[in-house]
Structures are given as structure tokens and as C-alpha cells.
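Enquirer: Residue numbers (my numbering), protein chains in the order written: chain P, 1212 to 1464; chain D, 36 to 321; chain Z, 308 to 634.
Warning: the hint list may mix true and false statements.
One side of the interface only, derived from the structure: several residues of chain Z facing chain D at Cβ under 8 Å [as the list claims (entries may be wrong)]:
1) V415
2) L522
3) S571
4) F609
5) V610
Restricting the straight-line Cα-Cα distance to at most 20 Å, the calculated cross-link-like pairs of lysine-lysine (PhoX-like) are [as the list claims (entries may be wrong)]:
6) D:K167 with D:K195
7) D:K45 with Z:K531
8) Z:K459 with P:K1288
9) Z:K509 with D:K50
If you are wondering where the hints come from, they were derived from the structure by calculation, not from laboratory data.
Beta carbons: idealized from backbone N, C-alpha and C, even for Gly.
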Amino acid sequence: MNDIALKVSNLQAWFGDFHAVKGISLDYQQNTINAIIGPSGCGKSTYIRCLNRIHEEVDGARVSGEVLLNGQNIYDKKMDAVEIRRHIGMVFQKPNPFASMSIFDNVVIGPRLWGERNKDKLEEIAISCLKKAALWNEVKDKLHQDGTSLSGGQQQRLCIARTLATNPPIILMDEPTSALDPIASAKIEDLMTELKKEHSVIIVTHNMQQAARVADNTSFFILGELVESGESSQIFTNPKKKKTEDYITGRFG
Amino acid sequence: MHLSSSRKFKDRLFKALLIASSFIVVVPLLLIFNFLLQKGITSLNLDFLLNAPKPVGEIGGGMKHAFIGTIMMVGLGALIAIPIGTLCGVYLSEFNKGRIAWTLRFTIDLLTGVPSIVIGIFSYLIIVVTMKGFSAFAGSFALSIIILPTVTRTTEEILKLIPTHIREAGLALGLPRWKVIYFILLKGSRASLMTGIILAISRAAGETAPLLFTAFGSMYVSYDPREPMASLPVQIYNYAISPYDDWQRQAWAGAFSLILLVLGLNIFARLYFKKNKFLKFFIKKS
Amino acid sequence: MGLMSNSTNLVSKKGPSLSWTISFSKQDQLAYIVLRFIALIIVLLLGAMIFILFMASKLAFSEFGFSFIYTDFWNPIEDEFGALPFIFGTLITSFVALLLAAPISIGVAIYVNEYLGTKLSTFLSLFVELIAAVPSIIFGLWGLYYLAPFIKNDLAPFLKSTLGFLPFFQGVSYGIGVLAASIILALMIIPTITTVCREIFKTVPTLNKEAALALGATKYEMIKLAIIRPSFSGIIGAIVLGLGRALGETMAVAMVIGNTPVISSSLFSSASTMASVMANEYAEADSDLHLSALCYVGLLLFVVTFIVNMFARTIVWRQTHKIKRRN
Chain P
1212 MNDIALKVSN
1222 LQAWFGDFHA
1232 VKGISLDYQQ
1242 NTINAIIGPS
1252 GCGKSTYIRC
1262 LNRIHEEVDG
1272 ARVSGEVLLN
1282 GQNIYDKKMD
1292 AVEIRRHIGM
1302 VFQKPNPFAS
1312 MSIFDNVVIG
1322 PRLWGERNKD
1332 KLEEIAISCL
1342 KKAALWNEVK
1352 DKLHQDGTSL
1362 SGGQQQRLCI
1372 ARTLATNPPI
1382 ILMDEPTSAL
1392 DPIASAKIED
1402 LMTELKKEHS
1412 VIIVTHNMQQ
1422 AARVADNTSF
1432 FILGELVESG
1442 ESSQIFTNPK
1452 KKKTEDYITG
1462 RFG
Chain D
36 MHLSSSRKFK
46 DRLFKALLIA
56 SSFIVVVPLL
66 LIFNFLLQKG
76 ITSLNLDFLL
86 NAPKPVGEIG
96 GGMKHAFIGT
106 IMMVGLGALI
116 AIPIGTLCGV
126 YLSEFNKGRI
136 AWTLRFTIDL
146 LTGVPSIVIG
156 IFSYLIIVVT
166 MKGFSAFAGS
176 FALSIIILPT
186 VTRTTEEILK
196 LIPTHIREAG
206 LALGLPRWKV
216 IYFILLKGSR
226 ASLMTGIILA
236 ISRAAGETAP
246 LLFTAFGSMY
256 VSYDPREPMA
266 SLPVQIYNYA
276 ISPYDDWQRQ
286 AWAGAFSLIL
296 LVLGLNIFAR
306 LYFKKNKFLK
316 FFIKKS
Chain Z
308 MGLMSNSTNL
318 VSKKGPSLSW
328 TISFSKQDQL
338 AYIVLRFIAL
348 IIVLLLGAMI
358 FILFMASKLA
368 FSEFGFSFIY
378 TDFWNPIEDE
388 FGALPFIFGT
398 LITSFVALLL
408 AAPISIGVAI
418 YVNEYLGTKL
428 STFLSLFVEL
438 IAAVPSIIFG
448 LWGLYYLAPF
458 IKNDLAPFLK
468 STLGFLPFFQ
478 GVSYGIGVLA
488 ASIILALMII
498 PTITTVCREI
508 FKTVPTLNKE
518 AALALGATKY
528 EMIKLAIIRP
538 SFSGIIGAIV
548 LGLGRALGET
558 MAVAMVIGNT
568 PVISSSLFSS
578 ASTMASVMAN
588 EYAEADSDLH
598 LSALCYVGLL
608 LFVVTFIVNM
618 FARTIVWRQT
628 HKIKRRN
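Please take these sequences and the hints and turn them into a complete structure.
Expert: Here's what the structure looks like:
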């Protein structure tokens, strides 16, 4: 298991004059779950949003550095950001199924808007993604109901199914369970463990226990800088840096 | 400690005044509707709805030409104004930076405040004079200027309510921005956008001043946009100020049908909107 | 095909479906260009409006200059035109309409926001919005055939008997005239003022209201202190917005104001407004000078409504920003 799925080199990001991400380099291995933890405002969300080039959509945002997906730099001048995002999926903090769209339409909207017209193919995609997102059984009889009629946890799984429909090798998750209750969160954590079989997951979380439970590797950020990164078991039991230890034991943050 | 009687009195008086205000607001609309009902309902028959006017002096005939005219001109005006207005609303909501956006917003605000008679005169000067004659096209042009700012405002307001992460979710799927705007934002808000459009159309249907010097009016049924055309409000006006009893009777029927049309569209648009709970989901929690 | 396998070449040959598809950034660039083009067309439209009005007024302006604004003489037969009667008519009807509409609108806004429960408040506010939907000509018809007789037979005699010593209630009333037009206008602008006031009042934090009540204030005192006083400039903005609407109102006024270019202090007198004279005389204007004079009036009206509306928007904008900053 050991190809590098994503290689980040000296990534820097700015919001106008504010230097939010200050030179982070990390390697992400294939089929692993990688957590990013750190106190609020440490740049973890900004960082992850650079990985699928969403950060640059904000006014005044700037990025420098390299992010290599399969050896190719997604920030290369020849690359089209829109095209890149097909290969890197993202799940957001607040579940956001699209309004006035059925559950089915929500799942297949990616492939459909990319040009897939074949109804059978779309159905196939919908069923397989809903199954992978552990939502199929709950919605199979109501695929044509509005996407927003589901509960919060179900909506988030719908968003995950929607992301899976484009079959991205990398899935980014920005605090995906922070708006959910513990039971719904647990379901999503189980789901992540399944997902890593076919995808590589990078998750930002402010919940250290979640990182410890789910992630193979954990990185700790403070104020836009990488303090420490390694296997979760090592980080949480035997951190190398004092700052990491302080954060984990709750002395700050 | 007792509340002084003068304070209590002022409190009660205030409330009484407020209730009186509300009455003053409610009563006239009821009076107007009732008045039109009484004067117009007897004349609101099939003859009136389905027939063209009879020559002067003859009793009977109807406003078929005016109904058709209003439908055609409002329809044509809407056809022009709705796409353009929606796109302007999209621009102001999604690309809101720079001088062009500021200028556009200023322009739309200005256009909202222009009196409809001035719009009518402008349309006359630019189209009627050029085409050397009144036409339904000129009327539609004037109406489109009236419809456009409202549609723009509504579109902008509705789109601005959609939280940013919805847009980001669309982009994150690897979709170009225009597809996110069209297939996710606009299509997702179509119910409330429709409401705004219906309200704008119902306003245009009731406008008289901008049609006076553009479509001018006619006593014949016409489907030709290059010719003058009747419209419901203008026909009502012309009949009402005429000296003929039968025409005045028809004016009341026309007025009653106009108010039914406009209020009906309004109520329909608002109910249609309330039925959709999805918007509640979209409203940003501040 | 739509699906990508895990080891794809990221550099896109073209889109996944059709080989002639342009790249996405180009698509978005194109979309942006189209949008900007449309925006420019709209701005040009407004520019054209201003330009054409100017050109159409040129003849009258060269003949009368700025004295047009303060000359009280409108005679199409002799081709002598001065717009003062219409400016006066517009101002007096709008002013009286505001006098009537402002307290009522503020009252309704407060009543709906602070006193009524959800169902009734939705109902009443819907009612108010329906008034806004009634076409101008219908107000005109009702004004001419219901309100005018009422004024002539009931209201005017009453006013004369009680307040007849005032210059405003002198002379005979035939029903139509400044008073009728002002009342109709008041009705028409109440929805505008009410809606804006409601929005402003809603921005008052509940905490402030509760604090006033907790200090022992009566509801009236709480409203005065916590709602009206801080929102004062916003209320002014709402009223000025109503003024903007009243200035441009045409058909309803044209049907009940009497259409005589007269300046009088009596509310019972008939008069004419800038909008109504255009509606009445434009179709029959025979001389070029007459037409140009009417366009000059239109230009003046355009300028006045523009200034009033901009003024109103600045006030309301400043008020809402003051609230945002505070909160």
C-alpha cells in the first residue's frame, strides 16, 4: 500500500494579505484515511480547500506550491481547475444536497452534467454509490423525493454518494460530522473505513477522538504550519513535539 | 406601585390609533373591490369576454381585442425582459465586483424609480417615431423596461440567499461555474423565481401610462405587433372617459376583470411560493 | 465517458463527452463576457433614455431655458409654456399624500410587527401588498366615481364646516381636485412605506425591546424608545421612498385631479401634475414646441424622481448598515 496518492510540496495560501498556510509538505498514501487536526484558525480548512483548488474561488485568494496527483501538478498552468475537481471530491461541513432535486438527481448530477445521458448507466451509478454510502436501504423506495427531505445524517451520506458518483481517487472531507449528532457521526465514520478500500481520504476534524478512531495518519497544524505528522497511533500516544502533546492533552486549543 | 393613569391612557390610545390605521388600510381595498364588483359583474358575460367591440352607438360587444392585446404585449415584453433580467440578477449576485457591477446596480435602481409615463414617452421617441406609427411592439418594449428591473432584483435577492457552500459543492464536483449557476442555483430556486416573475408580469398587465403613446389602442382585434393594439387598461381608460353609457358600462366590466386578473395572479404567485419548503432550508442562518 | 478511473491523465484532451467542447475555463470566460455584455446593454438603455429625453426637450429649453421651471403659464394655443403649475401640483399632492400616509403606514408596520400573532400579521401584510398590486387606473376609476362624489357631498362640507377658516379648505369642491388625488396617492404609497418600515423595525434586537419592558415601560413607551427612536432615519428613508413613488404616479392622479394648470392654496381646487399633464396632452400635442415642452416636463420629472430615490436609498442603506455594525 504504498503508492503516494497525493503529494503536497511547500503549499502556501493567502487570503489577501493574510498568510493562512505557510509552506506545508505532506505525502498521502493510497487507500488511507488521513486526519488533520489543530486549533481553530490554524489553516486546516484553507489547506484542504487548496487540494481541490476551491480556495482560489474566493476573492483575493492566492496559492503557491505544488500538489501532485498521480505525479502531475494540479497547479500547473496548463491544468484546468474544473477538470481537476473531477478527480478530487469534497464533502462539506454542512450537508448540502441541492434543492428542488430528487435524491436520485442529486447523486447523479456530476456524471449527468459531464455529459452522461444513458439512463441505465445513471441508474447503475446511483444504486452503486448509494450502496457505498450506506444509504441505499433507507432511500431505495423514495429515490424521487426531494433531497432535502432526509435527516441531517442521511443528507450527509447523500452528499457522500454524490461525491462518489464521479469516482474520485481522493476524497476530501471538511469536518463532515461536526453538524451531526453522535449516532449519525458514527455511521459516517464507519462509512469512511469502507471508503478507504477504494479511495484515499483526507479529513479535517476538530474532534481528536474521531481522528484517533478513524485515521491511519494524522497531521497537526498550528497557525498555518505543520507541527507534526505521522501514524495516528504514534501521534496520539507518543507525540514527538511538545506542542502536539500540549494540544492532545488539552492544554490549549 | 401603580402605573400612572396617564401612562396607561397613552398606551391604550396608541393601540387604538394603531388599530384605526389598520382599518384605514383594509377598508379601501374592500371598498374598491366591492365597487367594481357591483358595477362590473352584470356586464361580465360571455359577450364581453369573447367579442370585439361593436361600432360606436351600438350596444354590446366586448373587449376580446383588449384581452388579446394585453396577453400579447405582456407576453412579448416578458419574453424580452425575463431572460435579460435574470442574467442581470445573476451578474449582480455571482460576479459582484468591479465597476460594471456597481454601474449595473445603480442603473437597475434608477430604472425601478422611473415613472412609467416617462418610460412610455421614451419608448415613443425611440420606437414609434422611428417606425412612424404606433405599434404593439413599442408597447411591449415599454413593458419590458418595466418588467426588467423587478426580475433583476428578485433574481439577485433569491440567489444571494443561497449559502456559499452550495456553490462550492457544485464546483467541487468538477462543474464549470456557469453550470453551477444554471443547473444548481437557478433550477434549484425556480419556484421563488417563478413567483417573482409572476408578480412582475401582473404588474405589467395593469400598466396604462406606458401603453398610451406606444401601442396607443385600437378597436379591432389584431395579432400584428407592427400595428397599434388594444390593451385592457388602456381600453378601460378610453371607455371610462368616453361619453357613451354602454362604453362606460363595459369599462366597469373591464376594470372588474382587470382587478380579478391582477389580484388573482398575485395571490396565486404567493401561495405557489409558500408551498415550497425548500427555501426555508436554503435560508442562511446568521 | 463520465467516469474516470483512478489513474487518469489529468491533462484533459477535451471534455469527456464531445471532442469540440471548449475547455471549462474558456466556457466560464465566455459566460462572463456574455453577462457583461448584457449588463452594458442595460446601462446603455438608461443612457439612451437620458439622452433622448434631453434631445426631445432641447427645443423647449432653447425657447424657455430655466424659466420654464418657475413660470406659471401653460398655454398650448399660444405656444407659451411654463411648468410651475405642474411642479406645484406634483409637490402639493405628494406632500399631502405623505402627510396622510406616513402615520398610517408606520402605525400598520408597528401593529403588524409588535401586536399581531403570526396568522393575523401574515394576513394583514398580504392585504397591504395586495393594495400595491392594484393597477393605477383602477384607483383612478374608484377615485372618480366613488371617492370624488364622497368628497363633494360629505367630506368637503364637513371640512368646510369645521376647518373652513383655513386657506386649504376654501372654495367649492366638485369632488375632484387636489384632495381627491392626495387621498388616492396616500393609499397607493402606504404599502411602500409600510414594507420598508417593517423591515427596519424587524432589525431592532429583541433584547432592546425586552430591556425596555423590564424597566417597567408600557408597550407604547417601549415602542417609542426601543423601536421608533433608533429607527428614525430609516423611517425618514421609507417616507422618502414613498415620496418617490408618489411623484411618478400617473393614471390615478390624471383621472381625479381635474387637469387644469392652476396654482391655488385650496385643497378643493383642481390642478395638474407633471405626470398627469403628460398623460393628458401628449397624444394631442400639435406643435413641436408643445411636444418638446411636455418632454421637458418629463425630463424634470425624471430628474426629480431620480434625486428623491437616490436620497431615500442612501438613508435606508445607511440605517441598515448602522444596525449591522451595531450587532
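Enquirer: If a hint holds in the structure, say so; if it does not, say that too.
Expert: Structure-based check of each hint:
Because the beta carbon of Z:V415 sits about 5 Å from the nearest beta carbon in chain D, less than 8 Å, this interface hint is met. Given hint, Z:L522 at the interface with chain D, is violated; its Cβ is 13 Å from that chain's nearest Cβ, farther than 8 Å. Interface restraint check: Z:S571 against chain D, minimum CB-CB distance 24 Å, threshold 8 Å, status violated. At a threshold of 8 Å, the smallest CB-CB gap from Z:F609 to chain D is about 5 Å, leaving the interface hint in force.
Annotation: interface hint on Z:V610 violated; nearest CB of chain D at approximately 10 Å, more than 8 Å. Of the supplied pair hints, the one linking D:K167 and D:K195 is violated, its CA atoms being roughly 44 Å apart against a limit of 20 Å. Annotation: proposed proximity of D:K45 to Z:K531 holds, straight-line Cα distance about 12 Å (limit 20 Å). For a cut-off of 20 Å, the pair hint linking Z:K459 to P:K1288 is broken: about 80 Å separates their Cα positions.
Restraint check for Z:K509 and D:K50: satisfied, since their Cα atoms lie roughly 19 Å apart, inside the 20 Å limit.
Going down the numbered hints, you'll see the structure goes against 2, 3, 5, 6, 8, while the others check out.
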